[in-house]
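**Q** As a plain string of letters, each chain reads:
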Amino acid sequence: MSRLSVEDLQRSFGGVQAVRGVSFTLEAGEILALIGPNGAGKTTCFNLLNGQLRPDAGTVRLDGVDIVGLPPRRIWRMGVGRTFQITATFASMTVRENVQMVLLSGRKRLFGLWTPAAACFREEAMALLERVGMGGQAERPCGVLAYGDLKRVELAMALAGDPKILLMDEPTAGMAPGERQELMALTSSLVRERGLAVLFTEHDMDVVFGHATRIIVLDRGQLIAEGAPDAVRADPRVQAVYLGGAA
Amino acid sequence: MSFYLVQFLSGLATAATLFLVSSGLTIVFGVTRIVNFAHGSFYMLGAYLGWTLVERWGTTPLGFWGGVAAASLAVGLLGALMEVGLLRRLYRSPELFQLLATFGVVLVVQDAASWIWGAEDLLGRRAPGLKGSIDILDQPFPLYDLVLIGLGPLVLGLLWLLFNRTRWGTLVRAATQDRDMASALGVDPARLFTGVLFLGSALAGLGGALQVPREAVNLHMDMAIVVEAFVVVVVGGMGSLTGAFVASLLIGQLQAFGILVFPQITLVLVFLFMAVVLVIRPYGLLGRAEDAPPTAASPGPPLIPSIGPARWVPALLLALLAAVPLVAGDYALIVLTEVVILALLAASLHLLIGLGGLVSFGHAAYFGLGAYGAALLVKHLAAPMPLALAAAPLVAGLGALAAGWFCVRRSGLYFAMLTLAFAQIVWSVTFQWYGVTGGDNGVLGVWPPDWAAGKAAYYWLTLALAGGALLLLRRAAFAPFGYTLRAGRDSALRAESVGIDVRRHQWLSFALAGSAAGLAGGLYAFSKGSVFPTLMAVPVSVDALVMVLMGGIQTLSGPVVGAALFHLLETEAMSLTDWWRLVLGAVILVLVLAFPKGVAGFARDLWTRGRDT
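Sequence lines, in order, name chains P and Z. Heads up, the first sequence is in the UniProt record's numbering, so the first residue is 1 and it goes up one at a time. Heads up, the second sequence is in the UniProt record's numbering, so the first residue is 1 and it goes up one at a time.
So that you can see chain P by itself, here it is in the shape it has in the complex (with noise of 0.2 Å):
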């Protein structure tokens, strides 16, 4: 059993189709790159895959539990978690107190009433963030972070919730050429550790072929083609939706 599968996925806005039938699973272990030019359909993809948009059909299995309809709130309980293309941090709280919020929301502590929350799961949150490399900025407001840091700290608060599935939109835009590389480096020693399964959405071509074990890639809501980084290179669909030729 896959630890994600997803079987003919459509959903339309208005008139557009913006994902038609788009079926992958992904495994343990496994680092899949979901890529296509802008418009393909890829964040909508994100978006019905954590509940945050209800598919019109299809379905989407967790270990072989159908999840669609369940809002993301459940969907992250289950096991899903999920970075933002455009980040989204609790702003008013310290880097660490972001990761702690996650903490105490995985435990169900959420409705405390007299212990500090900053005192909850200080030494775990601490970790997570050591773990990214935010451990130096932990007590700064997430307010007045780069945009490269937000994204670490988006990456640490992912890891609080102990996912088995980690869906990241674009989670290196916005970042230096090194820092990128540094951090997928990270999200794939990350995913050996922990058996993670990734599913990422990039526009950067040698972050995808870098980092991904295997490529999927999306046209106009439809995937073209599947398969080992090499084979998708290779792959004269993928060569003409990306350079714009005829096939």
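No lab work stands behind these hints: they were computed from the structure. A quick note: this is a predicted structure, and the numbers were derived from the prediction, not measured. Hints are not guaranteed to be accurate.
As the list claims (entries may be wrong) - Partial selection, computed: residues in chain Z whose CB lies under 8 Å from chain P:
no.: 1; residue: D178
no.: 2; residue: A479
no.: 3; residue: V498
no.: 4; residue: H505
no.: 5; residue: S530
no.: 6; residue: T534
no.: 7; residue: V538
Stated by the list, open to error - Computed footprint of chain Z on chain P, listed as stretches where at least three residues anywhere in the stretch have a Cβ under 8 Å from a Cβ of chain Z:
no.: 8; stretch: 84–97
no.: 9; stretch: 114–121
Built from N, CA and C at the ideal position, the CB exists for glycine as well.
Dock chain Z against chain P, hints included.
**A** Just chain Z now, kept in the frame of chain P:
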């Protein structure tokens, strides 16, 4: 049949006035994104100016209509003046500060009007040539109202031409849709805003001046109309002129026929209607999602628990306050008791505004529910004080649980309007359910037992209970509960995607804030010995809002400082002068202009700056 027709027509006449006022409000809101409480004041000023001018010139039709037009233009100029002198300095402040500023203007205008025109109701001259009535199916109907009915669509048409056929109107529409883009394209927003404030205020003034022949001009017109105009604007959809027109028609008819069908709950009807519309159509009848900006405070810097010597300030303050009865007289103790109670009320509202970004315009409902819960237990069941005081937060908490379930389904200004709607419903039930609540006679004889009857004893009791509740609220703010509430405010998207049920958490916070306000209400009831429906009326909600904003929403001490400052100012101003509203309003304006972060935020900035250097 003819009776219904006349009723229908008078509904249309009401709708015309409503539309004039609410069209101005919706235009001003659409462009400036300011919730202009002073809009009602401009309506009232229009009525007073209209009265004066019509008294002087109104013997001929030309003089009458000239007077009305002149009053409208004069009010428009005042609106433009407010933009230049006040609002322009606040466009970069949090939206709530703009709201506070316009409320300062409300207070100033109230006393200015009372100073110029006196406190007596003024009956105006009727329009020459339109004094009589005509028979419609054998029922008399005033001619003047017929003219008003025609005026509504006429003004809508003129506004439509202005906005769709003139360059200025196009610019205004552009700025309404995207203020930043418009200014990037070289439109000077400052001049546009001045013009918009002129137009909006002139419409309010026109609505007011036209009322002169219909009803007595008085000093309560401002709040009454502004609340109704808000309802119209929200029902129609913020920023939508056609929406305002349709909503005015619907609400005019609701008022005309509601009084026939449900005479017992006339006051509630309009608000029930709004609540139903908002639940079914979240952005009003013709509004669009993007037209509804959040009024929520933008996330500020992290809340930092006091460290070093500052952490002992609350304990020290409490000790100091506890020692006051040793030196102070009864009067000071009464005032101080009220300060402590209001501090709890403000802190409970701050939980919603400061941590949740949920701006409630109707927090007085829970203060009032607590007060009435306690008072009615004493009156009907002869309950002892401890029991009544225990029931106060319970009753208010249950009320907040019920109302909150609806309110948290909407955000921003729509949330604010739903809270206002529920507060008005609670108020009108209290006001009209004479048999149980005593109506506006209130409930009398709610005194503490002998052991707590002394001013010092009751002060200590209040200090212990309210102080305890304040401490609990403070702990909750730093505990996971408060953090979760802030998480939902900072980014609902992120919160939902890490397993947080934002709406449920806001709902519970609403109930917690409501029950804290209820405890404050119960304490207030026994401190005064009586309760009245005014406890849960709009002005109390606004007072609480002013206290929170005065102190600054960025700090937890803010509401406490704000409550003390506000109440002492009010009491002091009241004892020194009859013009206390003027003084208070002026103080609010000065504070808003001088301390855009609130007094406590200002003090904290000073403190951190002092430590950093």
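**Q** All hints are to be evaluated individually against the structure, with a verdict given for each.
**A** Status of the hints after comparison with the structure:
Of the supplied interface hints, the one on D178 of chain Z is violated, with its beta-carbon coming no nearer than about 19 Å to a beta-carbon of chain P, more than 8 Å. Because the smallest distance between the Cβ of A479 of chain Z and any Cβ of chain P comes to about 5 Å, under 8 Å, the interface hint for this residue holds. Here the hint on V498 of chain Z is kept, as its CB sits about 5 Å from the closest CB of chain P, short of 8 Å. Hint on H505 of chain Z holds. Least Cβ distance to chain P is approximately 7 Å, under the 8 Å limit.
Because the closest C-beta pair between S530 of chain Z and chain P is about 34 Å apart, greater than 8 Å, the hint is violated. Evaluation of the T534 of chain Z hint against chain P yields a violated restraint, the C-beta minimum of about 33 Å exceeding 8 Å. Against a cut-off of 8 Å between C-beta atoms, the interface hint on V538 of chain Z is violated, since the closest Cβ of chain P lies about 30 Å away. Only when three residues or more bring their CB closer than 8 Å to a CB of chain Z does the claim for the stretch 84–97 of chain P stand; here the count is 9, and the claim holds.
Beta-carbon proximity to chain Z at under 8 Å applies to 6 residues in the stretch 114–121 of chain P; the threshold of 3 is reached and the given coverage holds.
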